[in-house]
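Protein chains: 2
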Amino acid sequence: MSLLLQQVVLDGRQVDILIVDGLIKKIAPELNDVVADQVLAGAGKAVVPGLYNGHSHAAMTLFRGYGDDMELMEWLTTKIWPLEEKLTEELVYHGARLACLEMIKSGTVFFNDMYWHFAATARAVEEMGIRAALSGVIIDLNDPVRLKEQIAVNRERFQISAGFSSRLKFVLGPHAIYTVSKAGLEWVRDFAAENDLLIHTHLSETEQEVKDCLNNHGLRPVEYLAELGLLSDKLVAAHAVWLDGKEMKLLEKHQVKVINNPVSNMKLAVGKTFSYRHFVEHGVSVGLGTDGCGSNNNLDMFETMKFSALLQKFAISDPTVQTADEVWRMATADGAGIFGLNGGVIAEGRDADLLLIDCDRPEMAPGHNLISDLVYSASGAVVDTTIVAGKVLMQGRKVEGEAEIIAAARAAARQLMQ
Amino acid sequence: MSLLLQQVVLDGRQVDILIVDGLIKKIAPELNDVVADQVLAGAGKAVVPGLYNGHSHAAMTLFRGYGDDMELMEWLTTKIWPLEEKLTEELVYHGARLACLEMIKSGTVFFNDMYWHFAATARAVEEMGIRAALSGVIIDLNDPVRLKEQIAVNRERFQISAGFSSRLKFVLGPHAIYTVSKAGLEWVRDFAAENDLLIHTHLSETEQEVKDCLNNHGLRPVEYLAELGLLSDKLVAAHAVWLDGKEMKLLEKHQVKVINNPVSNMKLAVGKTFSYRHFVEHGVSVGLGTDGCGSNNNLDMFETMKFSALLQKFAISDPTVQTADEVWRMATADGAGIFGLNGGVIAEGRDADLLLIDCDRPEMAPGHNLISDLVYSASGAVVDTTIVAGKVLMQGRKVEGEAEIIAAARAAARQLMQ
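Keeping their order, the protein sequence lines are chains D and U.
Going from the first sequence to our numbering is simple: count from 1 and add 29.
Going from the second sequence to our numbering is simple: count from 1 and add 29.
These aren't lab readings, by the way, just hints derived from the structure by calculation.
Glycine residues also receive a C-beta, built at the ideal position from the N, C-alpha and C atoms.
Keep in mind that a hint or two might mislead.
To be verified - Keeping only pairs whose Cα atoms sit at most 25 Å apart, straight-line, the calculated BS3-like set for lysine-lysine is:
# : chain 1 : residue 1 : chain 2 : residue 2
1 : D       : LYS301    : U       : LYS275
2 : U       : LYS301    : D       : LYS427
3 : D       : LYS420    : D       : LYS54
Unchecked claim - Residues from chain D that face chain U, not an exhaustive set, calculated with beta carbons under 7 Å:
#  : residue
4  : LYS134
5  : HIS146
6  : ALA148
7  : ASN171
8  : PRO173
9  : ARG175
10 : LEU176
11 : HIS397
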C-alpha cells in the first residue's frame, strides 16, 4: 500500500512525500515518476508530525460536561463512580469511538489510555485506524481475591493482544499506589519485566496522595515505588506534580517517563504546578497528555500545548520557560519516544503519522512562525488531513462515519443516564 | 430589514426567531405566517448570544507569532515597538480586517479596542459588520506638546465618530498611568464627562507599574486615579491584577468596570492572578478580554473563557470557583452591559447579536450541558453562523471575502518585515 503526498510544505519548502507500508519512504522536491496506490494533492498545506497524547481515559467522552466545577471527591462519588458502575463494554466502545474521532479530528495520532472494558477501547482503536497504548485499570484495594482476578484478566489481555494490529500496544495499568496493593504492584513489576511491557500509572497527582503514602508506608510515593522496584524506563507516570527533590532524582536515575496534564491539573485544582524546568534539568523525558474528558473536557492536544506552555510561564513568573518549540517537541518527537514509537519526526524511514495543516485560516495568518501559530494560536480545527501508519483517516476535515459515531455516543450517554 | 431564524434550539427548546432592524422582534415555537427578507434554516442548531471581547489591540494580528517566549521589555523593545513605528493606516487596516474576520469566525460580536491609526480600525469594523468600541492610543510621556497634539487628534476623532454607524462607539484610550501625564488624564476625565464617553485604559498589569506609581506619586495606581477623579462607572480598566484591598474598595465605590485577560496574563507571566472572587464579592462588573495577538496569540473568546475559569480554580486551589455559567455570563451579558450594549441575552427587544452552534461535532457530544461544552470543550470553530445587529456575517463557517482578507494581511505583514 503506497500513498503519495504532493506539494506539501515541510519546514518552509515544498516537497512530495512517498509513503509505503506505513513508513515514509522518500521525501524530495518532486516525485513525478512515482506510481502510488493513492495520491493526495497537498495544495501547499504544511505537513507536520501528528500529536502523541500521553495520558487519557478515552471513553470518558461519555461524561463530557456531566459535572464540572466540583470538589474532586464530591465529583467522583456523586457523578463519576455511580456512572462508571453502569458502564458496559458496548457503552465504552461508543465512548472510545467518539474519543478516537475527536482525536483524529484534532490531529492526534496516538494516545496512551487506561480505562475499564479494555477490549471495547481496543475494538474502537482497531476500527478507527489511530494508534494507542492500552491498559485496563488494575485496582485491587488490598483485596487478594480482587488481585487474583486482576492478574488473570491481565494475563488474558496480554495473550489477546498478540492478535492486535501493530498500531496497538498492550500496557499494564496499575491505577495508583493508593488503589493497588504492594503484592499487586510487585506482580505488575515482574510481569512487565518478563514480557517487556510498559507500565502506565497515576503518580503524585494530589497532596493527599503524598500524605497518605507517608502515613501508610513512611515514604513519599516515588520512594515507595523505588523500594518496590517499580521505577524503570518502562514506567510512564501521569501527573507527577507533588514531588520533592529526592523523588526527582530517583525518577532521573531510573529514567522514568512522566506525562504532564496541565488542563486537568488546572481544572481539578491540584494545587501545584508540574516542575517542567526541573525535569528538563534532570534529563527526564516529559510528554504531554489531555487526561480524560471528565477533567479537561476535550481531547485537543493543540489546546493542551498552549495550556502547558502558558501555565509554566505563569507559575514561575518567567515568560521564557517552555518555548513553543519545546512544547511542540513534547507533543511530537518526545511523546513518540516515550512509547517506543518511530514517529514524531518527519524523515525517511519514520512512521507516516502526519498532519496536513490548513494555513488559510485567520488564526494561522500572517504566518511568521508555523510552530508558534500551531502552539499559541491554533486549535485542533486547523488540521485538514490526519494520516496514521500511512492511512488517510481524515481528509478535508471529514472522517468516514462520523455522524453515526456521534449519534451512537449520544445514545450511549442517554442510556447511561437512565 | 428582517431575518427569520427557523428551528433553532434556545435553552433546550426549538423556536423560530424574528429579527427586525437589528433587534429580536419575536421568539415563538413557530412563526410560520411571518414574511421576512431573509430566512435562515437553523436545522436544530443551538442559538446563543455572541461573545463580547472586552480588551484588544486588533491590528496586532500582524505580529502573531513574531516573537514569543521573551521577557516583556525585551519583546517590546526589540520586536513590537520597532515594527509599530513602521505601521501605516493601510497596514493597520489590513491587520484590523484580519482581526474582525478571526473574531467573526470564532463567535465574537463586539470588541473593545485600543490601537494606533484609529481610523483604519474604524474602517475595517464598518466594512466587516462587527460591533466595536474604538479608541486611539493616548500617550504623551509627560510632554505638553505631545499632549496638545493628542487632544486635537481626539477632539477630531470624536467629531468624525458622529458619522459612524450605530455599531461603532468612540472611546477615549489613555494608555496607562505611566505613559500619560496628570494633565493628560485630567483632560480625558473632563472630555469624557462632557461628552458621555467611556474611558479605556490599562491598569495595574505588572508589579513594576505599582512600584513606579508609589515612587512617583506616593500612591498605588487606583488611589492615584481616584485622586485625579478618573474613577467612575465610565472607566473600563483592563487587567487590574496587582491590587490591594483598599484599591478594590475604590473600584467598587466608583463602579469601575474591569476586564480580565487571563491568556495574556499567563503568557506575559505577570506574576499574579486576577482576584475574580474578590471582585464578585465587592459587586464589581467583570468582563473578559483576549488582549492583542502579540500576547495571546489569538482572538478566540471560547479559549479565553476556558483559560479564565481554569486559572481561577488553579490559582486558589478551588475547583468550584468561576463556574462555566459564570464565565459564560462574563463573556456575554456582563460583557455587553459593561459597554452599555443591549445584547448578550436572547430576548425580545434585545440586539440580534447571535451565534448558531454546530453541535454535530465530537467535542460537543454527547451534550449533557451546552454551556459546559461551550466553555470547557469548544473552540471558536464550533460556531456555524454569526449574526451581528441582525445581519448574517458568517454562515456555514463562510465569511464573504475571507481569502482576500487573509492574503492582504499576509502582504501587509511582509511589507512590515522589509
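How the hints compare with the structure:
1. D:LYS301 <-> U:LYS275: Judged against 25 Å, a Cα distance of about 29 Å means the pair is violated.
2. U:LYS301 <-> D:LYS427: 42 Å, violated
3. D:LYS420 <-> D:LYS54: Holds. LYS420 of chain D to LYS54 of chain D sits at ~14 Å (cutoff 25 Å).
4. LYS134: With a closest approach of 6 Å, the LYS134 of chain D hint holds.
5. HIS146: Given a least distance of 17 Å, the restraint on HIS146 of chain D is violated.
6. ALA148: Constraint on ALA148 of chain D not satisfied, violated at 22 Å.
7. ASN171: With Cβ-Cβ at 28 Å, over 7 Å, it is violated.
8. PRO173: Not OK, violated: PRO173 of chain D not within 7 Å of chain U, min 35 Å.
9. ARG175: With Cβ-Cβ at 30 Å, over 7 Å, it is violated.
10. LEU176: 32 Å, violated
11. HIS397: With a minimum Cβ separation of about 4 Å from chain U (threshold 7 Å), the hint on HIS397 of chain D holds.
When each numbered hint is compared with the structure, violations occur for hints 1, 2, 5, 6, 7, 8, 9 and 10.
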